[in-house]
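**Student:** Single-letter residue listing:
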Amino acid sequence: MNPKRALIRSALAGVIAAGLGQLASAHDGEPAAGKEKCYGIAKAGQNDCGTATHACAGLAKKDNAPDEWKYVPKGTCAKLGGKLKPPGGK
Amino acid sequence: MSGAEALARLQAEFAAALVAEGDAGFASRLAGEPSLALRRLAIYRRAVEANRRGALRSAYPVVARLVGEAFFGEAARRFARDCPPDDADLNRFGGGFPAFLAAYPHASELPWLGDVARLEWAWHEALMAADSPGLDYAALARVGEAAQPRVRFRFHAAVRLVRSSWPVLAIWEANQPGRDGTPDREEGADDVLVWREDERVRAALLAPPEADFVARLMEGASLEEAAADGWDFSAALGHLAAGGMLAGFSAGTPAAS
Amino acid sequence: MPARHPARAPDPGRAGIGLRTPHFEALAGRRPALSFLEVHSENYFADGGPALAWLERFRADYAVSLHGVGLSLGSTDPLDRGHLARLARLAARIEPALVSEHLCWSSVGGAHLGELLPLPYTQEALDHVCARVAEVQEYLGRRILVENVSAYVRFASSTIPEGEFVAEVARRTGCGVLLDLNNAWVNAANHGTDPRDLLRAIDPASVGEIHLAGHEVTPDGLVDTHGAPVSPEVWALFAEAVGSLGPVPTLVEWDTDIPPLDVLLAEAGRADAILARARVPGRAAA
Numbered sequence: 001m002n003p004k005r006a007l008i009r010s011a012l013a014g015v016i017a018a019g020l021g022q023l024a025s026a027h028d029g030e031p032a033a034g035k036e037k038c039y040g041i042a043k044a045g046q047n048d049c050g051t052a053t054h055a056c057a058g059l060a061k062k063d064n065a066p067d068e069w070k071y072v073p074k075g076t077c078a079k080l081g082g083k084l085k086p087p088g089g090k
Numbered sequence: 001m002s003g004a005e006a007l008a009r010l011q012a013e014f015a016a017a018l019v020a021e022g023d024a025g026f027a028s029r030l031a032g033e034p035s036l037a038l039r040r041l042a043i044y045r046r047a048v049e050a051n052r053r054g055a056l057r058s059a060y061p062v063v064a065r066l067v068g069e070a071f072f073g074e075a076a077r078r079f080a081r082d083c084p085p086d087d088a089d090l091n092r093f094g095g096g097f098p099a100f101l102a103a104y105p106h107a108s109e110l111p112w113l114g115d116v117a118r119l120e121w122a123w124h125e126a127l128m129a130a131d132s133p134g135l136d137y138a139a140l141a142r143v144g145e146a147a148q149p150r151v152r153f154r155f156h157a158a159v160r161l162v163r164s165s166w167p168v169l170a171i172w173e174a175n176q177p178g179r180d181g182t183p184d185r186e187e188g189a190d191d192v193l194v195w196r197e198d199e200r201v202r203a204a205l206l207a208p209p210e211a212d213f214v215a216r217l218m219e220g221a222s223l224e225e226a227a228a229d230g231w232d233f234s235a236a237l238g239h240l241a242a243g244g245m246l247a248g249f250s251a252g253t254p255a256a257s
Numbered sequence: 001m002p003a004r005h006p007a008r009a010p011d012p013g014r015a016g017i018g019l020r021t022p023h024f025e026a027l028a029g030r031r032p033a034l035s036f037l038e039v040h041s042e043n044y045f046a047d048g049g050p051a052l053a054w055l056e057r058f059r060a061d062y063a064v065s066l067h068g069v070g071l072s073l074g075s076t077d078p079l080d081r082g083h084l085a086r087l088a089r090l091a092a093r094i095e096p097a098l099v100s101e102h103l104c105w106s107s108v109g110g111a112h113l114g115e116l117l118p119l120p121y122t123q124e125a126l127d128h129v130c131a132r133v134a135e136v137q138e139y140l141g142r143r144i145l146v147e148n149v150s151a152y153v154r155f156a157s158s159t160i161p162e163g164e165f166v167a168e169v170a171r172r173t174g175c176g177v178l179l180d181l182n183n184a185w186v187n188a189a190n191h192g193t194d195p196r197d198l199l200r201a202i203d204p205a206s207v208g209e210i211h212l213a214g215h216e217v218t219p220d221g222l223v224d225t226h227g228a229p230v231s232p233e234v235w236a237l238f239a240e241a242v243g244s245l246g247p248v249p250t251l252v253e254w255d256t257d258i259p260p261l262d263v264l265l266a267e268a269g270r271a272d273a274i275l276a277r278a279r280v281p282g283r284a285a286a
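Quick note, the sequences are listed as chains A, B and C, same order.
End of the first sequence sits at 90 in my numbering; the numbers just go up one at a time, nothing left out.
End of the second sequence sits at 257 in my numbering; the numbers just go up one at a time, nothing left out.
End of the third sequence sits at 286 in my numbering; the numbers just go up one at a time, nothing left out.
Hint data in this document are derived by calculation from the structure and do not stem from the laboratory.
Owing to the predicted nature of the structure, the values given are computational and were not obtained by experimental measurement.
Any given hint could be a false lead.
What the hints assert, rightly or not - To give a feel for the contact side, a few chain C residues facing chain A, derived at Cβ under 8 Å:
1) 20
2) 40
3) 42
We treat Cβ as the ideally placed atom computed from N, Cα and C, and that holds for glycine.
All chains should be built: construct the whole structure from the sequences, respecting the hints.
**Tutor:** Structure follows, in structure tokens:
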């Protein structure tokens with residue numbers, strides 16, 4: 001048997017054993033790199049706005065200054081803008 | 001359909017008056033004092049815009065935080081104008097926003113913004129994806145050794161792989177509630193696996209060979225086709241299975257559900 | 001498959017509240033006595049995920065009302081069969097006590113405006129919307145309730161008073177009426193009419209649910225924001241309505257600037273007190 005086929009056989013055997021509850025550790029399949037991130041809650045459904053007619057609209061809220069929207073964004077971008085390395089550098 | 005021609009015409013004119021500013025002509029269709037009627041029509045115009053913007057803000061909270069209200073609001077307005085929702089369910093609105101942002105001239109200084117948005121949409125879709133039955137391990141165990149290399153997996157509907165040249169996961173995490181927006185890393189490239197497990201959406205950074213392997217499996221490649229020579233994919237496959245990401249398999253020659 | 005709890009029915013003598021994400025944890029932990037919980041159907045259209053899992057949990061303890069916002073009953077676009085199919089799947093899963101939609105339109109030419117837009121009250125619109133309500137009821141295999149909406153504009157072409165229009169839809173299709181008293185008040189105040197006209201026109205037997213909500217007063221008129229306490233005028237209208245209708249399952253809706261659960265429960269409690277006084281002999285405890 002070639003090495004790849006042997007690997008397939010053993011990898012499937014591991015998956016099957018874990019799946020059938022025959023492996024003690026459920027953590028056999030940790031990701032090879034990086035830790036797992038978990039952000040769990042339900043998001044608020046967006047369709048509530050449909051009945052909350054216009055409350056979502058902020059009613060007579062004034063517009064932003066005319067050009068504010070197009071210049072360098074004001075959010076947390078400032079915390080990383082310009083610091084990120086362009087891709088392809090490695 | 002019924003012969004509701006006048007109604008159809010009225011609705012088309014109403015919708016046009018809501019998206020365009022030139023609504024004065026529509027006043028003749030409305031009862032009551034014209035200037036007041038037009039101001040009240042504007043309530044609807046603001047609401048339509050705000051509902052769409054709100055839907056996008058909910059799907060893209062990190063992008064919204066990154067660029068701030070004014071910039072996000074204008075980008076959302078333009079996107080919604082060009083690609084209005086084609087579904088009544090506003091939770092489904094915004095799948096085209098990452099591509100829009102990637103090409104948005106005013107965001108050209110932020111070349112990673114579209115990729116951050118892709119990650120957010122993946123997260124959003126994972127939240128709403130259908131449940132899948134678990135993998136039938138007993139059936140998998142019955143696959144003969146000769147057929148094992150031809151095994152192709154079907155993925156749980158929530159699984160997404162987002163591949164980027166930028167440190168999108170670091171940016172995304174830095175903009176979760178409670179964080180100040182400063183990423184832990186300033187370099188990519190990030191290959192992010194997104195899935196749902198125990199009703200929670202999870203994300204993990206994959207090393208390049210694992211990402212290549214998962215990408216090929218998701219495209220429908222068999223195990224033999226997906227596995228790179230000399231790389232042990234056991235842990236990667238184990239991770240997919242343990243996370244409930246594999247929903248089914250076929251062991252025949254062509255990929256089948 | 002875990003064992004299913006049988007579907008619950010609302011207590012007409014008590015109020016319910018809208019089930020909104022910020023209250024999931026508190027409601028599940030405290031399980032206050034409520035007639036029912038109402039959700040916007042579309043928020044649970046996914047065939048999986050946390051929102052649906054929460055709703056599955058709540059249906060074990062509460063009667064559920066599915067309140068749609070996207071079916072666009074009055075639109076001249078073809079009825080969206082995909083949308084209807086998703087609603088039917090959700091209804092099969094949740095077994096709601098009530099299913100409702102709005103007497104309005106929200107899409108044109110396939111583009112969805114995400115807003116409840118008013119219909120002209122004409123014979124043509126009446127014929128159209130009745131055909132659509134009938135189609136929906138046939139597809140779902142059940143009676144639905146249709147809600148009178150807030151309308152900031154009125155059309156020059158309208159020939160039928162709103163109350164008669166709503167009543168006629170119910171009469172022709174056999175659907176029920178979801179009587180939204182805040183909408184009735186908002187329309188009356190904005191257009192200088194009497195909110196009781198609507199009450200008088202509708203057959204009391206057709207009223208399957210009442211909605212109460214808050215509005216805001218703006219320079220351009222009252223706006224139905226669902227973001228404030230129920231106004232004194234709407235409470236008065238409610239007392240009057242249930243005085244003649246008897247107890248009806250009643251919902252306190254609050255969709256924006258959502259307050260702590262206790263504020264919402266206090267509003268529901270206030271509705272309970274009014275419903276209790278409406279228990280006239282012979283009509284009580286349906």
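**Student:** The structure should be examined with respect to each hint, and the outcome stated for every one.
**Tutor:** These are the hints, each one checked on the structure:
1. 20: With a closest approach of 7 Å, the residue 20 (chain C) hint holds.
2. 40: At 4 Å from the nearest chain A Cβ, residue 40 (chain C) passes the 8 Å test, so the hint holds.
3. 42: holds, 4 Å
When the structure is compared with the earlier hints, no violation turns up for any of them.
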